[in-house]
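Colleague: Construct the entire structure; sequences and hints are all you get.
Protein chains in written order, with the numbering used here: chain R, 2 to 292; chain L, -8 to 319.
No lab work stands behind these hints: they were computed from the structure.
Predicted model only: the values in this text are computed from it and were never measured.
Accuracy of the hints is not assured; some may be wrong.
[Claimed, not checked] Computed list of lysine-lysine pairs in DSS-like fashion (alpha-carbon distance at most 25 angstroms, straight line):
no.: 1; chain 1: L; residue 1: LYS275; chain 2: L; residue 2: LYS52
no.: 2; chain 1: L; residue 1: LYS60; chain 2: L; residue 2: LYS166
no.: 3; chain 1: L; residue 1: LYS298; chain 2: R; residue 2: LYS186
no.: 4; chain 1: L; residue 1: LYS275; chain 2: L; residue 2: LYS60
no.: 5; chain 1: L; residue 1: LYS166; chain 2: L; residue 2: LYS123
no.: 6; chain 1: L; residue 1: LYS60; chain 2: R; residue 2: LYS186
no.: 7; chain 1: R; residue 1: LYS197; chain 2: L; residue 2: LYS303
no.: 8; chain 1: L; residue 1: LYS303; chain 2: L; residue 2: LYS60
no.: 9; chain 1: L; residue 1: LYS166; chain 2: L; residue 2: LYS194
no.: 10; chain 1: L; residue 1: LYS275; chain 2: L; residue 2: LYS298
no.: 11; chain 1: R; residue 1: LYS186; chain 2: L; residue 2: LYS166
no.: 12; chain 1: R; residue 1: LYS197; chain 2: R; residue 2: LYS186
no.: 13; chain 1: R; residue 1: LYS186; chain 2: L; residue 2: LYS303
no.: 14; chain 1: R; residue 1: LYS197; chain 2: L; residue 2: LYS123
no.: 15; chain 1: L; residue 1: LYS123; chain 2: L; residue 2: LYS137
no.: 16; chain 1: L; residue 1: LYS118; chain 2: L; residue 2: LYS137
no.: 17; chain 1: L; residue 1: LYS123; chain 2: L; residue 2: LYS194
no.: 18; chain 1: R; residue 1: LYS197; chain 2: L; residue 2: LYS52
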Amino acid sequence: MSDMIDEPVVQAQSPFSEAWGMFKRNHAAVVALVFLGLVVLGAIFGPWLYPTDPFDMVWAPFSPPGQEGFLLGTDYLGRDLLAMVINGARVSLLIGLSAAVVSIFIGVTVGALAGFYRGWVEEVLMRVTEFFQVLPTLLFSMVLVALFGASLPMITFAIGIVSWTAVARITRSEFLRIRELEYVKASRASGASSRKLMFGVILPNALPPIIVQSALMVGSAILFEAGLSFLGLTDPNVVSWGQIIGSNRQYILDASFTVTIPGIAIFVTVLAISLVGDGLNDALNPKLRQR
Amino acid sequence: MSPLLTVENLRIELTTRDGVAPVIDDLSLSLNAGETLSFVGESGCGKSMTALALMGLLPEKIGRVAAGKIIFDGEDITHASPARLREIRGNDISMIFQEPMTSLNPVFSVGEQIAEAIRAHQNLPRKAAWNKAVELLDAVRIPNPKGRAGDYPFQMSGGQRQRAMIAMALACEPKLLIADEPTTALDVTVQAQIFDLLTDLQKQSGAAIILITHDMGAVAEMARDVIVMYAGRKAEYGPVDAIIEHPRHPYTQGLISCVPHIVSDMTEERHDLVEVPGIVPSLKDFGRDECLFASRCQHRTEECMSKRPVEKHFDNNQIADCWHAEEL
Chain R
2 MSDMIDEPVV QAQSPFSEAW GMFKRNHAAV VALVFLGLVV LGAIFGPWLY PTDPFDMVWA
62 PFSPPGQEGF LLGTDYLGRD LLAMVINGAR VSLLIGLSAA VVSIFIGVTV GALAGFYRGW
122 VEEVLMRVTE FFQVLPTLLF SMVLVALFGA SLPMITFAIG IVSWTAVARI TRSEFLRIRE
182 LEYVKASRAS GASSRKLMFG VILPNALPPI IVQSALMVGS AILFEAGLSF LGLTDPNVVS
242 WGQIIGSNRQ YILDASFTVT IPGIAIFVTV LAISLVGDGL NDALNPKLRQ R
Chain L
-8 MSPLLTVENL RIELTTRDGV APVIDDLSLS LNAGETLSFV GESGCGKSMT ALALMGLLPE
52 KIGRVAAGKI IFDGEDITHA SPARLREIRG NDISMIFQEP MTSLNPVFSV GEQIAEAIRA
112 HQNLPRKAAW NKAVELLDAV RIPNPKGRAG DYPFQMSGGQ RQRAMIAMAL ACEPKLLIAD
172 EPTTALDVTV QAQIFDLLTD LQKQSGAAII LITHDMGAVA EMARDVIVMY AGRKAEYGPV
232 DAIIEHPRHP YTQGLISCVP HIVSDMTEER HDLVEVPGIV PSLKDFGRDE CLFASRCQHR
292 TEECMSKRPV EKHFDNNQIA DCWHAEEL
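Modeller: Written as structure tokens, this is what we have:
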């Protein structure tokens, strides 16, 4: 009977390919994604392709870009800026990503428990969330880094611990909405455990806004790291974009390129991440989706 | 043989802003394996609440079983632990919901969801569970089950989704299947198919079915016994034939006369459709010691307004809770 009405139109299209179709329509996001891909590849393979040590004094200080064979010039200690930007990309991206992972992990856990169990669990967890929301973020992470030392894991943790609240609130609100839906009741009626309901049924449906928020958070974590290292709160043994700006900031009037170049790197990368986040929002937000 | 399910004097209370209200008051019933029992009544009569109580899924902190027993397969499940209830749910008792459009998880394929329901109770490898899901889709007569198992809910029609829901409910061969208005959201033609499917599956598996509906036609077709609920209380209970033949509660009479009769209407005498005037009393009035239907009843007397009716048993196993049952 329904062999006849086997509509070819509704070809099986997984949510993934559907989302990709929507993403592709946002041209700026696609360009940004390609650019981000290049940045990531550059961060991974750049140090092999351009093996200059970013800490080596290779030439006189403040050599302008393009001269003496140094594409981006040299900084106040005569170090190769190109090598520094390439190696800095590693640290900036790494901290951006792992701080985002830390805050997503905390935020999703807190939000899921609060939204699923309600009652006193929600009260306690949301009051804790509010406590972290009202802390001055930069000050708090500065205190953490100053107290416990400026190692990469500590900086990552300091950034993560001050930025999970938004994720927690989004996750909680999605859980509050989804837990009342019929299919959650239906899975409860088929004997699913609380853990299964939380992470196997509700969370997959709550993911779209969380993914969008996470993408944006990578960008803000990179900015945050730049801010911290600009203030000198960074691991002195590694280069990051913010640190290049921070260490050259006294010479901004004499050799502005030493600050501008890493600044552009941060700006363009964070912009690309935001654009990709915007594209993800188009792809995953059901209100913008046409079905 | 002892019945599969016995409910004795069940009372379920909901805590509302106006205080505690009995949404199910003094309900008793029994159901044997392989039989079908139907609950009918208007919205807000406690039909769905009964189903939730049987599943141990009363709304947390608001609803509770205040008195009575639910004995399923020899075990009083009103006192079962949450872990034991999880074991029972989906495995021994499963449920089909009213809205096939929203009762499937939109982000997983139908096959995955059925396989997941199987794996929740049986220790099967992923592949075997998937194969069983395909078999189940075939059993509920979805064409090309192998291909359709990978479909997402939005790619299916309402009837197909309800079939998929039935497949999921039957995944672990439950002894009792609760169907909460399984066809209300579907086209009439599809309704008949779903009822046929349920009847056939019941014959094969020997499961008992509780059918919750407000459609007297569906009751007549599917069920052996029927309970007419009104405002959380049983109005009438007995074999479907006897009750449709001679309803002894004015509410049952009202419900039956609400069903349009196509065939008889074709002839020259066309009865007007009868409506039951008024509405179900609000929750806070549920506990009162009077006949709750009295305000809508044309047979009302002093007695109805001052005392709750007692059960009146008739020879054909019909039970009616009405002061005037004999006269009707």
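Colleague: Flag every earlier hint the structure violates by its number, smallest first.
Modeller: Going through the list in order, the structure violates hints 3, 7, 13 and respects the others.
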